Amino acid sequence: MDINNRRFTRFNVKFFIFSNEIKGEGVNISKGGIGFFTTDELIPADSIPFKAEISSGVFGDNVYTIIGIGNLIFSKPSYETGVLSYYNGFEIIKLKENSKEILNDIIKILEDYELRR
Amino acid sequence: MNLEDDISNIPENEIHFKIILIIDDILYVLKSITTILKEEGYFVLTAKSGQEALGLLNKYSPDLVTIDMKLPDISGLQLLEKINKLELKKKPKIIFISANYDKDEIQNILKQNVSNYLLKPFKKSKLIEVVKELIGNP
Chain D
7 MDINNRRFTR FNVKFFIFSN EIKGEGVNIS KGGIGFFTTD ELIPADSIPF KAEISSGVFG
67 DNVYTIIGIG NLIFSKPSYE TGVLSYYNGF EIIKLKENSK EILNDIIKIL EDYELRR
Chain E
6 MNLEDDISNI PENEIHFKII LIIDDILYVL KSITTILKEE GYFVLTAKSG QEALGLLNKY
66 SPDLVTIDMK LPDISGLQLL EKINKLELKK KPKIIFISAN YDKDEIQNIL KQNVSNYLLK
126 PFKKSKLIEV VKELIGNP
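Chains as they are written, first to last, in the numbering used here: chain D, 7 to 123; chain E, 6 to 143.
I should point out that these hints are in silico values taken from the structure, not numbers from a laboratory. The structure presented is a predicted model; accordingly, all values stated were derived computationally and were not measured. Take these hints with a grain of salt, some might be off.
Claimed, not checked - Cut-off 20 angstroms, straight-line C-alpha distance, at most; resulting in silico cross-link-like pairs (EDC-like, lysine to aspartate or glutamate): (1) D:K100 / D:E59; (2) E:K128 / D:D46; (3) E:K131 / E:E57; (4) E:K43 / D:E59.
Next comes chain D alone, as it looks inside the complex (with noise of 0.2 angstroms):
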């Protein structure tokens, strides 16, 4: 994942972690993970099994749920929002059947938000 474009928020992120609900703005996504910002640091951690919701912003009113496991590899201070934040890196390492397509499908509408822009 390249960190270092497209720093803004282009959709909300939700990721529900068992107990451990963290809500976030995302920035950047791909096949391979997810950039987005949290108010709290985080610690890195691996082998998580996750749910995270991608709606509003590009997405308009739809809802995009992809299920599976990934890495929280990194959450660093960040004021690129204007405040103090967190810039968060989440590595997908494996989605569920269904969520693969799903992600295909938030990708592609990504893709084409960047065409029109």
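Starting from the known structure of chain D, arrange chain E on it as the hints suggest.
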């Protein structure tokens, strides 16, 4: 000189700081937790395997130990059993770290001298809060 060399040169009765042993085989996790706890003022030792951890436990008798569920040479639970059998100068507080949300398993682990159970991923503030609650300030 590494951390272990630093501490091994200090006579035991002059050690007035809190020692924390972090056990995790994933380097970026180890590095992140170490940095955060060092910034708070704790003395941090790290181990990437169960065997390495047991050696450090015997040698330095840390105040607190964090154990990841999945280790390369032994499961976190097996390591916990071994730690409980060690005859240490002081019994360390233990934080178990896992991505497993099976309630029965969490209850089972908490019965085995585990002070706290953290579900991955968690906030930095949560880690500091739990550590201070268990062993106090550095």
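Are there hints from earlier that the structure breaks, and if so, what are their numbers?
Per hint list: 3 and 4 violated.
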